[in-house]
Amino acid sequence: MSSRLLQIHGGQLEIDELGSGSPVVYLHGIWDAHEDAFVEELARSFSVTRLHLPGFGQSTGDEKLQDVHDAIYWLLDALDAAGISEAALIGHCLGGMLAAELAAVQPRRFPKLVLISPFGLWNGLHPTMDFFAASAAQLAEALHGPGAAAPLPGGQSLEEVVARAKAREVAARFLWPLPNRGLNKRIHRITMPTLLVWGSEDGITPPDYGQDFRQLIPSSELHVVQGAAHMPHLAQPQAVATLVEAFLK
Amino acid sequence: MKVCMFHLMPYRVLPNDFKEHYKSVWVDIPSELFDPQVGAQLYDEYLDQLEYAATLGFDGICVNEHHQNGYGLMPSPNLMAASLARRTKDVAIIVLGNSVALYNPPTRVAEEFAMLDCLTGGRLVAGFPVGTSQDTNFAYSVNPATLREQYYEAVDLIVDAWTRPEVFSFDGKYTQLRYVNIWPRPIQKPHPPVWIPGGRSIETWGWSLDHNFVYASLSYGGYKRAQTTMDHFWQVADKKGYDRNPYRAGFLQLVVVGNSRDEIDDKYAQHVEYFYNQMLHVWPGYQDAPGYRSIDTIKASLTGGTAQLGDAVTRYAPWKQLVDNGNVVVGTPSQVAEELEHLARSLHVGHLMLLNQIGSMPPDLARENIRLTATEVLPKIRHLWDGEWEDHWWIASQRSPAAAGALS
Numbered sequence: 001m002s003s004r005l006l007q008i009h010g011g012q013l014e015i016d017e018l019g020s021g022s023p024v025v026y027l028h029g030i031w032d033a034h035e036d037a038f039v040e041e042l043a044r045s046f047s048v049t050r051l052h053l054p055g056f057g058q059s060t061g062d063e064k065l066q067d068v069h070d071a072i073y074w075l076l077d078a079l080d081a082a083g084i085s086e087a088a089l090i091g092h093c094l095g096g097m098l099a100a101e102l103a104a105v106q107p108r109r110f111p112k113l114v115l116i117s118p119f120g121l122w123n124g125l126h127p128t129m130d131f132f133a134a135s136a137a138q139l140a141e142a143l144h145g146p147g148a149a150a151p152l153p154g155g156q157s158l159e160e161v162v163a164r165a166k167a168r169e170v171a172a173r174f175l176w177p178l179p180n181r182g183l184n185k186r187i188h189r190i191t192m193p194t195l196l197v198w199g200s201e202d203g204i205t206p207p208d209y210g211q212d213f214r215q216l217i218p219s220s221e222l223h224v225v226q227g228a229a230h231m232p233h234l235a236q237p238q239a240v241a242t243l244v245e246a247f248l249k
Numbered sequence: 001m002k003v004c005m006f007h008l009m010p011y012r013v014l015p016n017d018f019k020e021h022y023k024s025v026w027v028d029i030p031s032e033l034f035d036p037q038v039g040a041q042l043y044d045e046y047l048d049q050l051e052y053a054a055t056l057g058f059d060g061i062c063v064n065e066h067h068q069n070g071y072g073l074m075p076s077p078n079l080m081a082a083s084l085a086r087r088t089k090d091v092a093i094i095v096l097g098n099s100v101a102l103y104n105p106p107t108r109v110a111e112e113f114a115m116l117d118c119l120t121g122g123r124l125v126a127g128f129p130v131g132t133s134q135d136t137n138f139a140y141s142v143n144p145a146t147l148r149e150q151y152y153e154a155v156d157l158i159v160d161a162w163t164r165p166e167v168f169s170f171d172g173k174y175t176q177l178r179y180v181n182i183w184p185r186p187i188q189k190p191h192p193p194v195w196i197p198g199g200r201s202i203e204t205w206g207w208s209l210d211h212n213f214v215y216a217s218l219s220y221g222g223y224k225r226a227q228t229t230m231d232h233f234w235q236v237a238d239k240k241g242y243d244r245n246p247y248r249a250g251f252l253q254l255v256v257v258g259n260s261r262d263e264i265d266d267k268y269a270q271h272v273e274y275f276y277n278q279m280l281h282v283w284p285g286y287q288d289a290p291g292y293r294s295i296d297t298i299k300a301s302l303t304g305g306t307a308q309l310g311d312a313v314t315r316y317a318p319w320k321q322l323v324d325n326g327n328v329v330v331g332t333p334s335q336v337a338e339e340l341e342h343l344a345r346s347l348h349v350g351h352l353m354l355l356n357q358i359g360s361m362p363p364d365l366a367r368e369n370i371r372l373t374a375t376e377v378l379p380k381i382r383h384l385w386d387g388e389w390e391d392h393w394w395i396a397s398q399r400s401p402a403a404a405g406a407l408s
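Just so you know, the sequences run in chain order A and B. Be aware that the first sequence starts at 1, since it is given in this note's numbering, and climbs by one per residue. Be aware that the second sequence starts at 1, since it is given in this note's numbering, and climbs by one per residue.
Honestly, I wouldn't trust all of these hints.
Said to hold, decoys possible - Derived, one-sided and incomplete: chain A residues facing chain B with beta-carbon distance under 7 Å:
id : residue
1  : Ala81
2  : Ala82
3  : Phe132
4  : Ala134
5  : Ala137
6  : Arg168
7  : Glu169
8  : Arg173
9  : Trp176
Unchecked claim - Keeping only pairs whose Cα atoms sit at most 27 Å apart, straight-line, the calculated BS3-like set for lysine-lysine is:
id : chain 1 : residue 1 : chain 2 : residue 2
10 : B       : Lys189    : A       : Lys185
11 : B       : Lys224    : A       : Lys166
12 : B       : Lys320    : B       : Lys240
13 : B       : Lys224    : B       : Lys173
14 : B       : Lys267    : B       : Lys19
15 : B       : Lys267    : B       : Lys189
16 : B       : Lys320    : A       : Lys64
17 : A       : Lys166    : B       : Lys299
18 : B       : Lys224    : B       : Lys89
19 : B       : Lys380    : B       : Lys267
20 : B       : Lys224    : B       : Lys239
21 : A       : Lys64     : A       : Lys249
22 : B       : Lys189    : B       : Lys240
23 : B       : Lys89     : B       : Lys299
24 : B       : Lys173    : A       : Lys64
Hints were generated in silico from the structure; no laboratory data involved. Since the model is a prediction, treat every value here as computed from it, not as a measurement. Just so it is clear, CB atoms sit at the ideal spot from N, CA and C, and this is done for glycine as well.
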């Protein structure tokens with residue numbers, strides 16, 4: 001994996017590049033910005049570019065992004081700077097919401113789309129969790145499944161604590177107070193083949209949202225990973241990568 | 001020194017075991033716990049207490065703003081200030097304050113404060129807290145990542161609305177207005193004194209000083225825990241070249257005055273314990289939304305020692321601990337006077353706010369506490385800073401006889 005920093009309008013972009021083959025862009029979520037297991041599996045078959053969202057890693061400029069539209073343009077600038085004219089687009093969680101927005105804005109740029117437990121829709125019948133207000137124990141279960149233990153307090157470096165606080169702040173910028181920024185108004189423009197991946201025990205974005213996305217994107221198929229929670233691609237990286245690989249080929 | 005009486009207006013009859021059975025006193029406290037008939041009576045009680053404090057000689061009386069909160073029944077402090085305006089005469093009416101991001105557009109604050117300044121004859125002190133995370137991010141769902149930026153923009157707009165004589169447009173990030181031209185305008189010139197009730201955001205100190213506002217430290221932690229915060233504030237003042245005029249600062253302290261410590265233990269301890277242990281029972285997840293504190297403030301709190309408003313008491317805090325830690329200053333009038341003078345000197349503050357009605361304290365006890373504080377403690381301490389420093393952040397008051405001529 002090689003990392004580089006690019007200057008784009010409004011800040012600095014950090015990208016990781018690994019693997020070879022047809023191009024795939026990965027947009028991470030709130031909790032997996034530095035988890036490599038899934039992208040490394042994908043890199044066996046594809047040329048993967050992982051963009052670090054502003055406020056994560058060494059990507060900057062989050063304070064200039066007022067709303068999701070600003071984020072879309074930041075991402076378009078980032079893709080242009082990284083030299084990506086066309087690629088399969090994979091997004092998870094917050095990155096999933098942004099991937100869906102990008103796919104709606106420039107459908108011809110992304111011939112295939114993969115959304116892994118994305119945000120972006122709000123359904124009062126099955127609300128997303130207010131994870132911002134959750135206790136550490138509640139959050140652990142929602143992220144990793146019933147019985148998951150909260151990480152022990154303390155023992156984290158100042159940098160780790162600050163990075164975590166920053167990640168949550170960026171998430172709040174786009175998801176507060178309800179994670180609905182109007183994607184439903186544009187989701188009809190997602191017409192490329194779309195794979196939806198969800199964990200059956202997802203306590204953050206309940207699997208019912210998989211059904212909601214499936215209804216709104218006629219060109220989609222939904223795959224539920226039994227036993228996984230909010231991050232099925234990290235709970236079972238090989239299985240999910242195999243699934244994604246088959247879908248993309 | 002100015003000494004003011006602060007009121008929270010709590011719903012003082014929440015269940016005695018509230019903490020055991022309920023998740024939070026704030027944000028999602030169940031509606032069935034509020035009886036409007038009781039609420040109506042409480043408002044009368046508390047307004048009576050504030051007026052009583054005024055008649056006994058407190059320099060100012062203070063109201064504040066909280067939402068969806070069982071220990072603070074004033075989502076609109078301006079309504080309370082208006083209730084007090086025509087029934088008081090010389091006392092400063094201190095609104096601490098309007099949480100500006102919760103008023104849309106912010107010029108609403110400029111207008112209502114101008115009305116209050118006119119109604120009171122120039123006795124308004126205007127407070128602009130950022131607001132707690134509970135109130136702003138959770139009760140009103142203001143985005144925590146942008147709250148502070150929105151707040152700074154709103155305060156600038158409010159001050160402009162008060163002071164710019166011409167009609168002007170405002171193209172802000174959070175507010176766009178074509179015609180800003182508020183009627184009425186405040187009596188006090190250039191505008192009412194502005195106090196910033198604050199927690200511990202390190203940016204707030206420098207910003208308050210630069211804008212010539214008072215920094216009023218409001219927390220229930222008491223003066224011993226506040227020492228670090230106030231030391232940092234004065235260091236920022238030094239660095240920026242501002243004089244150490246204590247009237248640049250304010251501080252809130254809980255106080256119980258009685259005839260003897262035994263009497264106080266006997267009559268008051270349970271009410272103060274109730275405040276800290278039942279009424280401050282707030283779900284931790286509502287206290288600090290991400291982005292509410294800047295990254296710099298977070299780093300400072302981890303490396304340096306400014307404690308948290310909401311680092312409330314999670315274990316039960318007994319009366320003795322609350323007294324020993326300085327959460328509440330208690331004693332005979334001489335003892336309290338001595339401790340308050342010591343506190344004011346250590347923290348170096350010129351505006352002291354005292355909370356006399358605490359927790360479940362019923363009106364007879366609250367009024368006795370107010371009476372003893374006003375008549376036997378105030379005279380001993382109000383001389384502080386006399387002859388040393390001028391208070392440039394106080395009301396400039398009083399109606400002008402010339403106005404009567406204009407109307408005849």
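Quiz item: Can the restraint linking Lys166 of chain A and Lys299 of chain B be considered satisfied, given a maximum Cα separation of 27 Å?
Solution: Given that 27 Å is the threshold and the Cα spacing comes to 12 Å, the pair holds.
Quiz item: If you draw a straight line from the CA of Lys173 of chain B to the CA of Lys64 of chain A, is it 27 Å or shorter?
Solution: 11 Å, holds
Practice problem: Would you mind confirming whether the straight-line C-alpha gap from Lys267 of chain B to Lys19 of chain B stays at or under 27 Å? | Solution: Holds, because 22 Å separates the two Cα atoms, which is no more than 27 Å.
Practice problem: Measure nothing beyond the straight line between the CA atoms of Lys320 of chain B and Lys64 of chain A; if it is 27 Å or shorter, mark the hint as holding. | Solution: 49 Å, violated
Self-check item: Hinted contact Ala81 of chain A with chain B - closest CB pair below 7 Å
Solution: This hint is violated: Ala81 of chain A lies away from chain B, its Cβ roughly 24 Å from the closest one there, beyond 7 Å.
Quiz prompt | Closest C-beta approach of Ala82 of chain A to chain B relative to 7 Å, hint status | solution = The hint is violated - Ala82 of chain A has no Cβ within 7 Å of chain B, the shortest such distance being about 26 Å.
Quiz item: Within a Cα-Cα threshold of 27 Å, do Lys224 of chain B and Lys239 of chain B meet the stated pairing?
Solution: Holds - the C-alpha atoms of Lys239 of chain B and Lys224 of chain B are around 24 Å apart, at most 27 Å.
Quiz item: Holds or violated: are the alpha carbons of Lys89 of chain B and Lys299 of chain B at most 27 Å from each other?
Solution: 46 Å, violated
Quiz item: Does Lys173 of chain B lie within 27 Å of Lys224 of chain B when you go C-alpha to C-alpha?
Solution: 40 Å, violated
Quiz prompt | Given hint Glu169 of chain A near chain B, where the shortest CB pair must fall under 7 Å | solution = 4 Å, holds
Quiz prompt | Hint check: 7 Å Cβ-Cβ cutoff, Trp176 of chain A to chain B | solution = 5 Å, holds
Quiz item: Within a Cα-Cα threshold of 27 Å, do Lys189 of chain B and Lys185 of chain A meet the stated pairing?
Solution: At roughly 50 Å apart (the allowed maximum being 27 Å), Lys185 of chain A and Lys189 of chain B break the hint.
When each numbered hint is compared with the structure, violations occur for hints 1, 2, 5, 10, 11, 12, 13, 15, 16, 18, 21 and 23.
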